[in-house]
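Going line by line, the protein sequences match chains D and E.
For the first sequence, the residue numbers in my numbering are 889 to 995.
For the second sequence, the residue numbers in my numbering are 8 to 123.
Hints in this document: simulated from the structure, not taken from any laboratory.
The structure presented is a predicted model; accordingly, all values stated were derived computationally and were not measured.
By construction, the Cβ of each residue, glycine as well, lies at the ideal position given by its N, Cα and C atoms.
There's no promise every hint is true.
A few chain D residues facing chain E, derived, Cβ under 7 angstroms [what the hints assert, rightly or not]:
{"#": "1", "residue": "915"}
{"#": "2", "residue": "919"}
{"#": "3", "residue": "986"}
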Amino acid sequence: RKEVEQDPGPFNVPEGATVAFNCTYSNSASQSFFWYRQDCRKEPKLLMSVYSSGNEDGRFTAQLNRASQYISLLIRDSKLSDSATYLCVVNLNKLVFGAGTILRVKS
Amino acid sequence: DAGVTQSPTHLIKTRGQHVTLRCSPISGHKSVSWYQQVLGQGPQFIFQYYEKEERGRGNFPDRFSARQFPNYSSELNVNALLLGDSALYLCASSLGPSGGPGDTQYFGPGTRLTVL
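For reference, chain D alone in the conformation it holds in the complex (with noise of 0.2 angstroms):
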């Protein structure tokens, strides 16, 4: 099983859509959780840290769930811009990275 997975899509979705992606992850020990954008051939960028508490930056809310080790992330009025893929991360003394989840927003 991975240790990180993650729905990989695509999400096809029209502009001013709301999505949610999901990701589980297998290791109770993980010690802090991330969602991460990378848009094609650039790298990762940080997008929000995910706390137990749930937490909303903008458009977007990020869920935990440690019970069910479930991970959360929500967009809301999707923009064209917010097409890339999204990273599911926890932390385990070191980052462990999901496959990527693939949004498409589409005019």
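Given chain D, work out where chain E should sit, using these hints.
Structure of chain E alone, referenced to chain D:
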């Protein structure tokens, strides 16, 4: 402020050769980590260094080695290159090592290595 820098940007080598990749962290960051990303996959952890000491090693063969210098820059060395080593090699820096305060990692643009 400059972010993480890596050199070279692209590199083409043949099987059996050796390669050295370089990384300069964000000013003030003392930890550097290296990752390998093959097409269609997320980055895979190779090494982490903090204050010039190895703090973690991923599941990579001994052909892969790294070091960190007193100025906190780092080199990743790969010997006896194989076709399967073709990938994007990413360097990330953080204030401190993973699991501690200031461990958020910021990535450089990567070095794209092609092995023929």
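Each hint, compared with the structure:
1. Taken as an interface hint, residue 915/D does not check out: its beta carbon lies about 13 angstroms from the nearest beta carbon of chain E, beyond 7 angstroms.
2. Proximity of residue 919/D to chain E holds as hinted, the smallest CB-CB distance being about 6 angstroms (cut-off 7 angstroms).
3. Given the 7 angstroms rule on beta carbons, the hint for residue 986/D holds: about 5 angstroms separates it from the nearest Cβ of chain E.
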